[in-house]
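J.: Sequence:
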Amino acid sequence: RRRRDTPGPSFTSSVATRISVATLAMHCVVVAASSERGERDGGSRRVPRPDPGKSSSRTCVEPDTETTALAVVRDTPLSPLMGRLRQKRREFTYPEIGLTLTLDQRWDTAGVGTGAAVWDSAELLARYMATSGAARAFNPDALKDDAHAGSSSPSKTKMDADAAALARDWWAGAVVVELGGGLGLASMVAARMGATVLCTDGDDLVVDICARNVRANGLAADSTDSSSRGSAEVARLAWGDYEDVAAAEAWVAARRGIEPGTEGRAKAYPDVVLLADVVYGERPDAWRGLTRTCAALAGPGTVVLLSHTRRGDSGSQRKFFDWLRDAGFVVEAVERWEGTRDGFASLTLLYRAYRYGSTTLGRSYSVVE
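Our numbering applies: residue 1212 is where the sequence shown begins, and numbers increase by one.
A hint or two may mislead.
What the hints assert, rightly or not - If you anchor each label on the Cβ, the simulated ranges turn out as follows:
1. 1470 x 1427: 29 to 35 Å
2. 1521 x 1433: 37 to 43 Å
3. 1478 x 1302: 38 to 44 Å
4. 1291 x 1453: 36 to 42 Å
5. 1527 x 1478: 31 to 37 Å
6. 1433 x 1315: 15 to 21 Å
7. 1435 x 1507: 30 to 36 Å
8. 1304 x 1547: 23 to 29 Å
To be verified - Pairs of lysine to any residue residues, derived as SDA-like cross-links and limited to a Cα-Cα distance of at most 20 Å, are as follows:
9. 1530 x 1542
10. 1478 x 1457
11. 1478 x 1571
12. 1478 x 1570
13. 1478 x 1572
14. 1299 x 1419
15. 1530 x 1558
16. 1478 x 1454
17. 1530 x 1562
18. 1478 x 1568
19. 1299 x 1427
20. 1299 x 1321
21. 1478 x 1512
22. 1299 x 1415
23. 1478 x 1462
24. 1478 x 1506
25. 1530 x 1541
Since the hints were made in silico from the structure, they are not lab data.
Even glycine gets a Cβ: it sits at the ideal position worked out from N, Cα and C.
Make a model of the complete structure from these sequences and hints.
T.: Below, the structure written as structure tokens:
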């Protein structure tokens, strides 16, 4: 039997406890409201459909619109995060691309889901794109270089200014779709760098807020702001909804120059699919719908970029990555962002996913048979 020489907990255990409490609190915050609604409704989850006749699909995933439980969080380790989410307006500056975005948030609006505010993971993805052009994610040999250097885990990209500028120029002319885009922070950064972007979300209220933000920041397709090299459009897309996915496919085809009614089988794919903090809580049905949507949109050369903050039960969330692999994707972590925010340790990973056999990454094409 080991005798303890000190009467109280060690500094290390105290820090570990604080981190565990923060992680557990974050997990509870994200899932508590849906659980509460399930108990009231006998296990069923009722969410408002904007148009009952819009889709005949029974496999689509409705947005997570229950956020009322978050209102009871007071003076916890998550209070700074809640403060950011509740701000009515936030500003994001990217000097590398000459962009300052001012976004309206509606976190406390009744009926609006988690996408009505900018989460930290979306900030990290947008910042990464603006500073480095996400160059490492499009480099097929990036992980091989790590292996040759004796590294077994992804690390932060270090680039000189000229290389970073060249990487940002890569986005000019790219066709991009964001899924679960919320307020569209990453989409707007991509548009500023020259991409043509379709930012989607499954929550109609969030879609409306995002569209207003895109227009207010001069990034809409019909904007007269000459400083933007690309543009962003906003649309509803519920994961797994066949009509919503078909509409996104038609949008991509139009950007590829494939006219409706093209003879034979025509299929066009985006260059990049963006995802930020879309895998959280316990939502396997949502993840299956997201997997099907990624599989429908991504073709040879398409890169799916997912910024994922680990919280809660990462083991259950790993199902999504397994399902992506089962759907024919290679899934790799290319960046690892560790740090301390609000006094607690945080870990966000950037994953890339692409079709088995892809010889180039981030440059897809159209297939006409």
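J.: All hints, please: hold or fail.
T.: Okay, the hints, checked on the actual structure:
Between residue 1470 and residue 1427 the Cβ separation comes to about 32 Å, which falls inside the hinted range of 29 to 35 Å. Distance hint for residue 1521 and residue 1433: a CB-CB separation of about 40 Å, consistent with the stated range 37 to 43 Å. Between residue 1478 and residue 1302 the beta carbon distance is about 40 Å. The supplied range of 38 to 44 Å therefore holds. Range check, residue 1291 to residue 1453: about 41 Å between beta-carbon atoms, so the 36 to 42 Å window is met.
Evaluation of the 31 to 37 Å hint for residue 1527 and residue 1478 yields a pass: the beta carbon distance comes to about 33 Å. For the hinted restraint 15 to 21 Å between residue 1433 and residue 1315, the CB-CB distance of approximately 20 Å keeps it satisfied. Between residue 1435 and residue 1507, the C-beta spacing of about 34 Å keeps the proposed range 30 to 36 Å intact. Take residue 1304 and residue 1547: their Cβ atoms lie about 24 Å apart, and the range 23 to 29 Å holds.
For a cut-off of 20 Å, the pair hint linking residue 1530 to residue 1542 stands: about 12 Å separates their Cα positions. A hinted pair counts as satisfied when its Cα atoms are at most 20 Å apart, and residue 1478 with residue 1457 qualifies at roughly 11 Å. About 18 Å separates the Cα atoms of residue 1478 and residue 1571, which keeps this hinted pair within 20 Å; it holds. A distance of roughly 19 Å separates the Cα atoms of residue 1478 and residue 1570; the hinted pair therefore holds under the 20 Å criterion.
Of the pairs offered as hints, the one joining residue 1478 and residue 1572 holds, with about 18 Å between alpha carbons and a cut-off of 20 Å not exceeded. For the proposed pair residue 1299 and residue 1419, the alpha carbon gap of about 15 Å is at most 20 Å, so the pair holds. Taken as a hint, the residue 1530 and residue 1558 pair is honoured in the structure, with Cα atoms around 19 Å apart against an allowance of 20 Å. For a cut-off of 20 Å, the pair hint linking residue 1478 to residue 1454 stands: about 16 Å separates their Cα positions.
Between residue 1530 and residue 1562, the direct Cα distance comes to roughly 14 Å. Compliance with the 20 Å bound is thereby established for this hinted pair. Using a Cα cut-off of 20 Å, the hinted pair residue 1478 and residue 1568 holds, with the two alpha carbons roughly 18 Å apart. Restraint check for residue 1299 and residue 1427: satisfied, since their Cα atoms lie roughly 15 Å apart, inside the 20 Å limit. Straight-line distance between C-alpha atoms of residue 1299 and residue 1321 comes to about 14 Å, which keeps the hinted pair within the 20 Å bound.
With a CA separation close to 14 Å, the supplied pair residue 1478 and residue 1512 stays within the 20 Å bound. Restraint check for residue 1299 and residue 1415: satisfied, since their Cα atoms lie roughly 19 Å apart, inside the 20 Å limit. For a cut-off of 20 Å, the pair hint linking residue 1478 to residue 1462 stands: about 11 Å separates their Cα positions. Distance hint between residue 1478 and residue 1506 is fulfilled; the C-alpha atoms sit about 13 Å from each other, no more than 20 Å.
The hinted pair formed by residue 1530 and residue 1541 meets the criterion: a straight-line CA distance of about 14 Å does not exceed 20 Å.
Hint compliance for this structure: every hint is met.
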